[in-house]
Amino acid sequence: MQKEYLGEFEELVLTMVGILQDDAYGNAIVNEIKERIGRDVNLSAVHVTLYRLEDKGYVKSGMGGATKARGGRRKRIFTVTNAGLAMLRVKKEQQIQLWKLVPQLKIVGG
Amino acid sequence: MNNKLPNYALRFLKWYCPTSLHESIEGDLVEQFEEDLAQVGLGRARLNVVLNVIRFFRPSIILRNKFSNSFFQNYMFKNYLKIAFRSLWRAKAHSLINVLGLGLGIASCMLISLYVRDEITFDTFHLKAERIYRVYAKEDWGEKQQFFYTFTPFPIGPALKENLPEVESQVRINNVDTQVMVGENHFNETVVLTDEDFFKVFDFDLIVGEKNQALRGQNNVVLTKKLAEKYFGASDPINKTISIQLGEQFEEFTIVAVAANPPTNSSIQFDILISSLNFSKLYGKEMLTSSWFNIIPETYVLLQEGAEAKAVEHKFPSLFKTLIGEEKFRKSNYAPGLQPLTDIHLNTDFPRGLAPVSNPRYSYILSGIALLILFVACINFVTLSVGRSMQRAKEVGVRKVVGAMRTQLITQFIGEAVIVTLLALLVGVGLLLINLPLFNDLSGKQLLFPVNQFTLMIMGLLLVIIGLISGSYPALVLSALKPITILKGSGQTGKSKQNVRSILVGIQLMLSVFLISSTLLMREQLSYLQNKNMGFDKAQLIAIQLNAPRTGGLTKRIGIAFETAQQFKNELSKLPDILAVSAASHDFGNGGWMTLGFTDEQKMYRTFNMNVVDEDYISMLKIQLVKGRNFYKGNLSDKRRAVIVNEAFEKEYGWADAVGKKIPGKNFQDHEIIGVVKDFNYASLYTKVEPLVIVEDPAMIVSGIENFNMENSPIPKLLIRLKPGNMAVTIDQIKQLWNKIEGEEEFSFVFVDQTMAKQYRSDQNLGKIVSIATLLSVIIGSLGLYALASLTMQQRIKEISIRKVMGASENSLLLLLSKEYLVLQVFCLFLSIPITWYLMSNWLSTFEYRIPVTANAFALAGVISLVIALATISFQLFKIVWTNPAKCLKYE
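If you read the protein sequences in the order shown, they are chains F and G.
Counting in numbering that gives the first Met the number 0, the first sequence runs from 0 upward without gaps.
Counting in numbering that gives the first Met the number 0, the second sequence runs from 0 upward without gaps.
To be clear, the hints were calculated from the coordinates, so they are not data collected in a lab.
Virtual Cβ for every residue (Gly too), placed ideally from N, Cα, C.
Incorrect hints may appear among the rest.
What the hints assert, rightly or not - If you want the ones that stay clear, here's a sample from chain G, every Cβ over 10 Å from chain F, calculated:
1) L20
2) Q31
3) F55
4) F186
5) E251
6) K327
7) S366
8) R387
9) L432
10) V880
To be verified - Quick list of simulated restraints, FRET-style, between CB atoms:
11) T18(G) <-> T66(F): 18 to 28 Å
12) K99(F) <-> L50(G): 41 to 51 Å
13) Q96(F) <-> L50(G): 34 to 44 Å
14) T120(G) <-> G71(F): 57 to 67 Å
15) G61(F) <-> I53(G): 43 to 53 Å
With the rest of the complex left out, here is chain F:
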């Protein structure tokens, strides 16, 4: 199997699924992203990304319980798979490795 590539947004969504644990579904992820890093994202973009991650095998999904707020409609809850977790870990390692190579300059006027 060829080496899988993880996009920036995919990585973000995958991380959020990891953070939210048992409550990771479309809307919650949108809100979480907004709350934690202040970025407005589209619900549809998140959904599409989740399905793509599922295709790639980094998350898996199942139907969760219904709540009143959703008019009785069930949520699709996503959980990170082992492959996903490994991928996140590799990503983090890579970033730290790369960061170490950047000359640490003083930030003037910061």
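Assemble chain G onto chain F, guided by the hints.
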């Protein structure tokens, strides 16, 4: 609570969203809606839901279920490709036939679409094309006096612009055939006189020069690039002078601008443009300002933005009533109108103006032919694929057993069809590029094959349509095979499949019979046109246009030219290789002869054609005189008052014998009909022979007529009959003589039989195109039949072997195998007859003189197609009949 939700948006979501995703997505939307409701209010919340529903409308959501497992799909895709190429490679002959056949079909479709596009985009390159109209003239004086022209009187354009606020500009276009002098060289050219706004209304590009200045001065001239190069070569033409003969004088003009050559898809064509200020040098004042019934230029108007042509036309009656006077207006039912510029090229309801009108029928016929070829090629593909289904049955069986869905198999086989089409597309584009010059030659167009949106769109469309049409039936048949029966080994030959195949092959045969019989009929008619006895001898006859002054009465001008003609005749008669010489106002094949109209003594409006000739005319053309006598040579009284008419003229008036009678009009001068000639076809064979009057001097007739119309100039032509043999030498001698008498004027001549043949050019080209199409579709069809026969014979090889073993004779086997095709053939022949009959009668009815549609053509076409079909399958037939049965049966 849910009532506040935009339900239509949710319904839309439900419609497109795969069910497995629908619930969770809708849930998320509802949840977000509730949150928004609390934070930003109802309107905004509802809007967000709608926007989100729209954002979810994307392929990765909609198509998610359809390709549920993209991993598997991707791997299978590779496999499909591999298998497709393998199976194409395995059946090389079939693939070649398919690709070539479809390629030919695609090439012809693309050619024709280029042609049709050129036809329908004619004149649309002007930015203001939607607002430009051509003014037409219509008069109705009662009885047979209806006049309808796309030429107009001179004053109409300025009058419209002055009196109607909706008319922004008017441009008159008047073509004048005249002489241009550049230095010492003389050229015969068509000079266009036009109004100042020409470049404002029409979008013709100027390479050098200002658009609003170019036609402002009386002595400015605009040349096209083509002509500037002809006159001055590479040097800069700007500010050089050329002389143009207007009236009797040569006038000096300064070149102020060079225009790009007008595009070929423009009805307005020009080489030299000068200002309308020069009209006065050619036409009298009355003609230019108050003559409402003499039509000369074409007039175009540009309407204001937002102005309706219908509304403008409504103002015409009251306007013209005041302009031309109540009485004349009422008598003539003067009713000019506006024709959209973009309508000019293809509307055959309007008479032709300066540019010929193209018959949209040719577009239809060509499109039909292209589709026919493509259709035949598609049928090949279908019959061959279905025919080969047995060979791929095992593959289908295994795929199904391993778990392939039917939809996957269908995708696979349609995909294979698309691959074949793609290859065919490449072949087609290659063929197109090779044959474009030939086609341009036939269609008289200058088409290019650019890579642009249009051509790409056509290619894409062809790819999809052909792929789907030719791929879907085989796909359905193959994917429906039952794995158990296939893998168990019992053959499957459905009766219905056989029927479908017979129907398809039948359609092919029918089309080829149709095309063959059409070709035969067209050829017969075209050769009839060439060889019909026209009533005069057109062999070795040349025509030379004489020069005449451009001013003065017609009678005077013709008279002067006849004097020149006499000079020529005296000199030419000394040359040994010239059989006869004559001069006449009209030669042959250049449009109609002048038409004159008058009201006879019974108040009936009558028209006739006239030709002014010299005394040798009838004898030199070998026209048969049926009654009376010819003009006496050198007889002045004959010249003044003798008239010869044709039989059609005699018939028009119901006379038993016209000799001695007069043309029954009041105002004709003293004259007498001295002879009647047999009808000869002086116009084309599209029209019947009209009443004709032949005179030596037009004066006696001109005084008595009320209307006068001519399509080509009545300035005399010299008709010379050459001795067969060294014509080049003789023509050279004539040229020397010409230079002696006419000086610097350009010498040009035409062969009469060639100009006459040119009239049928478009139909001859149509005939050629149909012949080529016939050849193509018969070849494609035969290839398909050959391949199909080889398949069906293969399947019956055991049956035949057993029959042979049991003692069947070769003859009976041949009959058995070919019977099916013979029956089909005869059936198709009869089916095609009514179609051919209808279409060919339709085409033939455009000719006044034509061949009848006889059964011979059909019989011949039937025999030809039968022979071709039998020849095609005979190889396979004999191969199978002559096989050694032991070889086929020993493995059983």
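Consistency of the hints with the structure:
1. L20: At about 8 Å from chain F, L20(G) fails to clear the 10 Å cut-off, so the statement is violated.
2. Q31: 6 Å, violated
3. F55: Its Cβ does come within 10 Å of chain F, the nearest being 4 Å, so this is violated.
4. F186: 71 Å, holds
5. E251: E251(G) clear of chain F: closest Cβ-Cβ about 75 Å, beyond 10 Å.
6. K327: 75 Å, holds
7. S366: With a cut-off of 10 Å, S366(G) remains clear of chain F, as the shortest Cβ separation is near 44 Å.
8. R387: Fine: 36 Å to the nearest Cβ keeps R387(G) off the interface.
9. L432: Holds: least Cβ distance 40 Å, greater than 10 Å.
10. V880: With a cut-off of 10 Å, V880(G) remains clear of chain F, as the shortest Cβ separation is near 57 Å.
11. T18(G) <-> T66(F): 18 to 28 Å: 21 Å, holds
12. K99(F) <-> L50(G): 41 to 51 Å: Given a distance of about 43 Å, which is inside 41 to 51 Å, the answer is holds.
13. Q96(F) <-> L50(G): 34 to 44 Å: 41 Å, holds
14. T120(G) <-> G71(F): 57 to 67 Å: Distance hint for T120(G), G71(F) holds at roughly 59 Å.
15. G61(F) <-> I53(G): 43 to 53 Å: Given about 28 Å between the Cβ atoms, the range is violated.
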